[in-house]
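One letter stands for each residue in the lines below.
Number of protein chains: 2
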Amino acid sequence: MTRSLLTLAAALLALPGLAQRLHSPSHKLALQFGLSPAGEPTYQLSYDNRPVLRPSRLGVAMQGQAGFVQGLTVVRVDSTEHDDTWAPVWGEVKQIRNHYKELLVTLQQPGTEQRQVQLRFRLFDDGLGFRYEWPRQPNLQYFTVTGEQTEFNLPADHKAFWIPGDYDSNEYAYTTSRLSQVNSASITPIQEKSAPQRVQTPLMLKTDNGLYVNIHEAALVNYPAMMLNVNPQTFGLAAQLVPSATGAAAYLQAPEHTPWRTVVVADNAPAILASKLILNLNEPSQLTETSWIRPQKFVGVWWEMHVNRSSWNYSDASNLKLADTDWQALKPNGHHGANTQNVKRYIDFAAQNSLQSVLVEGWNVGWEDWHGNWKEEVFDFVTPYPDFDVAELQQYAASKGVKLIMHHETSGSVTNYERRQDRALDFMQAHGYDAVKTGYVGRIIPRGEHHDGQWMVNHYNRTAQNMAQRRIMVDMHESVRPTGLHRTYPNWLAAEAARGNEFNAWSEGNPPEHETILPFTRLMGGPMDYTPGIFRIKLESWNPERNKGRQVHTTLAKQLALYVTMYSPLQMAADLPEAYEQHPDAFQFIKDVAVDWDDTRILQAEPGEYLTIARQAKGKNEWYLGAITDENARQQTVKLDFLPAGQKYLATIYADAKGASWDKNPEAYQIRKQTVDSKTTLKLQLAPGGGAAVSLKPVGAR
Amino acid sequence: MTRSLLTLAAALLALPGLAQRLHSPSHKLALQFGLSPAGEPTYQLSYDNRPVLRPSRLGVAMQGQAGFVQGLTVVRVDSTEHDDTWAPVWGEVKQIRNHYKELLVTLQQPGTEQRQVQLRFRLFDDGLGFRYEWPRQPNLQYFTVTGEQTEFNLPADHKAFWIPGDYDSNEYAYTTSRLSQVNSASITPIQEKSAPQRVQTPLMLKTDNGLYVNIHEAALVNYPAMMLNVNPQTFGLAAQLVPSATGAAAYLQAPEHTPWRTVVVADNAPAILASKLILNLNEPSQLTETSWIRPQKFVGVWWEMHVNRSSWNYSDASNLKLADTDWQALKPNGHHGANTQNVKRYIDFAAQNSLQSVLVEGWNVGWEDWHGNWKEEVFDFVTPYPDFDVAELQQYAASKGVKLIMHHETSGSVTNYERRQDRALDFMQAHGYDAVKTGYVGRIIPRGEHHDGQWMVNHYNRTAQNMAQRRIMVDMHESVRPTGLHRTYPNWLAAEAARGNEFNAWSEGNPPEHETILPFTRLMGGPMDYTPGIFRIKLESWNPERNKGRQVHTTLAKQLALYVTMYSPLQMAADLPEAYEQHPDAFQFIKDVAVDWDDTRILQAEPGEYLTIARQAKGKNEWYLGAITDENARQQTVKLDFLPAGQKYLATIYADAKGASWDKNPEAYQIRKQTVDSKTTLKLQLAPGGGAAVSLKPVGAR
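Protein chains in written order, with UniProt numbering: chain U, 1 to 702; chain F, 1 to 702.
None of these hints come from the bench; they were simulated from the model.
Among the hints, a few may not be true.
Just a sample of chain F residues kept apart from chain U, beta carbon distances all over 10 Å, derived [stated by the list, open to error]:
(1) 75
(2) 82
(3) 97
(4) 141
(5) 177
(6) 245
(7) 340
(8) 400
(9) 422
Computed footprint of chain F on chain U, listed as stretches where at least three residues anywhere in the stretch have a Cβ under 8 Å from a Cβ of chain F [stated by the list, open to error]:
(10) 242-256
(11) 314-321
(12) 367-378
(13) 420-433
(14) 447-455
Source: prediction; values computed, not measured.
Each residue gets a CB set at the ideal place from its N, CA and C atoms; glycine is no exception.
Chain U on its own, in the form it takes in the complex (with noise of 0.2 Å):
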């Protein structure tokens, strides 16, 4: 339902500084926009009268001509409310209400062309959207963006939670400080060093007035990922795009527009991790068909090569070249993970669990030294080793129910992926394959580009949609964190565009606290692959040597805590099939936990110290709970009074055992059962990095 609240006339706004002023549904949120005496464009917002954004430029400079930075004129205002509720094909929720207010401002530039810019705003009771737009209009056809003059000038010195701005990763640690102290020239780079004041969205910021505030974009298409550049004294945060191979930002053609830049604002945590701000921003799936989309846990051969148990590569020859090199005749090094007799392994380990399907990393030839040489033919994507049976295990995966889960590393290559694609997809058709994980590690070719700019941008988006096309599903990995677009590309199950667990394997690790923040921050965006589920935390009894001083940071508790906290429709039992065999009693609540949702319920939050989660599962009087804290041990006390009134649950309660401890004791865990109702209040006992995950299950009928 959209209805047109006012027009005002052309000539009436004119005027520059003409302030125009929108409210929030339920007037939560105020916007004033309007024109600073250079004729640059200007909005601000408040949140229940307290400011959220100062008064703060827009704007977009373009290439070769003037852009839309100043001297601009309003040539029209239109306003709408808009108010609905629709249906995700999956989620947490089964509804999303859909409810703004609208501002379309029309600017204008001086000069005979009169080439016109709009500014989309759309206010909720949860946030601001708003993004660029160039209608057709016979003046500017092709253009090319070389930056924006966004800002989002806040109003004090807010805590944040940020990560540099590399443009080619997302894969760091956070970094709690006050936007003055922002500073990242002593972080170590993942992938390109970023200017020391530049982060990366979404960007958590809370105020010392009791507001938290999440900075990111929605329905990034066919443009550069945004990054913040922090202005220390003044606190002010300016757009920055991330760059193509030029130095230009954007190659466009109108119509066209940019992605939304949202703000997401309220008075609590959870509120921020309860917006569906960003997924109403994106568009709604064109597909009619969406039976062979299937929220899904899978198992993998995987973890075994993190923790040094095998190796992706089959042999430990180097410097070899894919088109030369004669597969068949390398000599194995003995200890290759995705060979047929491991990889059936997994396969009896997942039928035997419930679990849909089995990853296979290193499966096809080119691991030998696919990393870091920005070489361009890596992997063809359709060449086993010697040693994966590619029909035989289409076979048995088969028989056993089993589904296995392809995997298209292009070490940054995309060029060699995109021309290769539609034979990597033809193999996969023809193997039996319906989802695949991608993944780009290392420097990306077309050299120049990066991870987060447009072309790559354009990839992410048409590999979606050509998954689509063939029904496949897919998990990205290295990719531009999500920004909604989930909600458009439901087969785009999940992403991993940040900092996963698998960091625990090889390097200092994740802090405790990592977990508290990822919600408010990558997650913000879109379902992380997080590849939660680690039982043996200690890594050193895989291999003792290589593995040495390496461990996971948080309790095996805190693992199943995951399964809730950090919200993705595909959910990996990371571990190896032997370390969940130790431990069947926790590995029951992997079993059992859902990875599709008819209601979420954010009962407890604060960014970087603790959450607790409640999800009933799709289509079934079934809840899920999880709760995480920090370094810090906690008591949790948790309401149940989001279950039906009246209505007897058996308890599950996967916690910490006494005197557990990430570092120094962490797979200690209890469990108990109880039978509990609405008005049950549980105490859950979480860890120093600890947490605790509890199933509900109705007790006979109800």
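Based on the hints, put chain F in the right spot on chain U.
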């Protein structure tokens, strides 16, 4: 046959400056290799004791390491001689002798890493080829070439036939000047402005003491094209590698080698044209079955667009987007060339005149604003315009025994082409196409890459390979200039890669000397799809308004001669059927002339002045002769002593009529027949900008 002549011990040669000498098989050419006191490799070349190259440095610079430019030592020298004969799949001659002496010098960097490069010199009686090779070695695997210090230091201020060093286009008219006068500052760039003293190869040189020298390269694979920076004071030429988007030149992995740098030398101009040095330096084809590769003549829906009789685009709409446009709903402009009826007309014409194929440009959607926008999604290569009935034309062409030639214009958006190429080739094969003309007009995407850089070089070669796998012949336009790779990929019939006949339609045109220079420059590397055969020389008659003052800068008779002088296994009869129907007697030569040859004789040649070539048709006792001149009228006396003794031939001589000239009376020709034999001497009167074509068919049994 290769036999090792000598291998000298490393110890003996570690002395810097110790010179190595090599003579060509007949001792015409002498090469000297040495090290400068600074440990720089140097070489010099002489022909019959006349200096061809003064001492010139060699070397390759690398990113992040010392490279191979100085401080080098010789650790080994090997020498061999090779002499054999091979048969091309198609060509100017039936057999090619490959006879050279070789010197392989192994050079080592100082330091403990013992990195090595090898210089391989092959000295033929008609010139020198040399290249850099990096053998497999422990401390040099992946590396980045930033440039070369390769020099070609000429001993005097030679006359040069040059075009500017545009990294993205070779479609220039040639300038003839002394080396000291090379300066392209006033030449309008076709694509990208060249440094004023930078020129392209093949560079044709003529010395004051009667030598002809041609500098180019052979087997350009996985490396950027080489341009030459001219020092107008010293007459030194320095290699300039076309940069990638990052500024570096080449991303390599050992074992690897550069293309061969070639210096063809002779004391007469015909010997330059007869040289097979570049082909000899290319790798043999790996194809075992080549019957599907057919040298051929073709017509096309093509020139009618150039002369503004019809359009590539179907509608006059603009600013369209490929994915968003309803092509069926577009309003046709009424003069779209590639419509079903018009194509049938060409098919009929081809069938009636025994021409094998019909090229159709503008058949597929996207031409409305295809050019000049640096847009990525321009064409999809599979969607016909509404008025082009693929199935009907497939059937119609097949019923007439004619093949349609596919057209893949990329608009320079090569990422787009590559990701769609498999689908495009599937489409071709589903619809009976076995040949394709590709095009690369405009700036390249990946943005920042150049037509002549490593990435695009790899694209062209990969495309030739992809096509070969599917048994598709290919003709590339706007590609890098050829380097003899048609030996390796005999399905790569021809390329444009120079200023073709089409420039006469919409520019100041090609000067009358143009076709006398091309064989000494562009054609040194391989066949050109020049599109000869324009009969209607003055183009105003096609469209008085839009073609005002435009004309082809030759006589009609010269257009016929080009079928012989401008070697290609793929020759277009480029004019419209109605133009040919007005001159059936002259058209007979185009119908008759062969496109594949058992023998070729360069009878007379001087770059920029004239050219007379006779060729024997493949497998036939028929000869065809072409003679052309520049803007000057000439009488050429041609001895037919290449004919087998005792055999009478009917010579049909297509000559300029009296009073003909390219500018004032270009379409005046006369045809006469006479019986000739090997003792006959023909006197051919060539008008200004004119030529003569002669067919020689045996009379009676031999």
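Quick rundown of the hints versus the structure:
1. 75: Holds: least Cβ distance 21 Å, greater than 10 Å.
2. 82: The claim stands: residue 82(F) keeps its Cβ more than 10 Å from every Cβ of chain U (closest is about 24 Å).
3. 97: holds (30 Å)
4. 141: violated (4 Å)
5. 177: Its Cβ never comes within 10 Å of chain U, the nearest being 34 Å, so this holds.
6. 245: Violated, because the least Cβ-Cβ distance between residue 245(F) and chain U comes to about 4 Å, which does not exceed 10 Å.
7. 340: At roughly 29 Å from the nearest Cβ of chain U, residue 340(F) sits farther out than 10 Å, so the non-interface label holds.
8. 400: holds (33 Å)
9. 422: With a cut-off of 10 Å, residue 422(F) comes too close to chain U, as the shortest Cβ separation is near 4 Å.
10. 242-256: With 6 residues close enough to chain F, the hint holds.
11. 314-321: holds (count 3)
12. 367-378: holds (count 5)
13. 420-433: holds (count 3)
14. 447-455: holds (count 4)
Hints 4, 6 and 9 from the earlier list are contradicted by this structure; the remaining hints agree with it.
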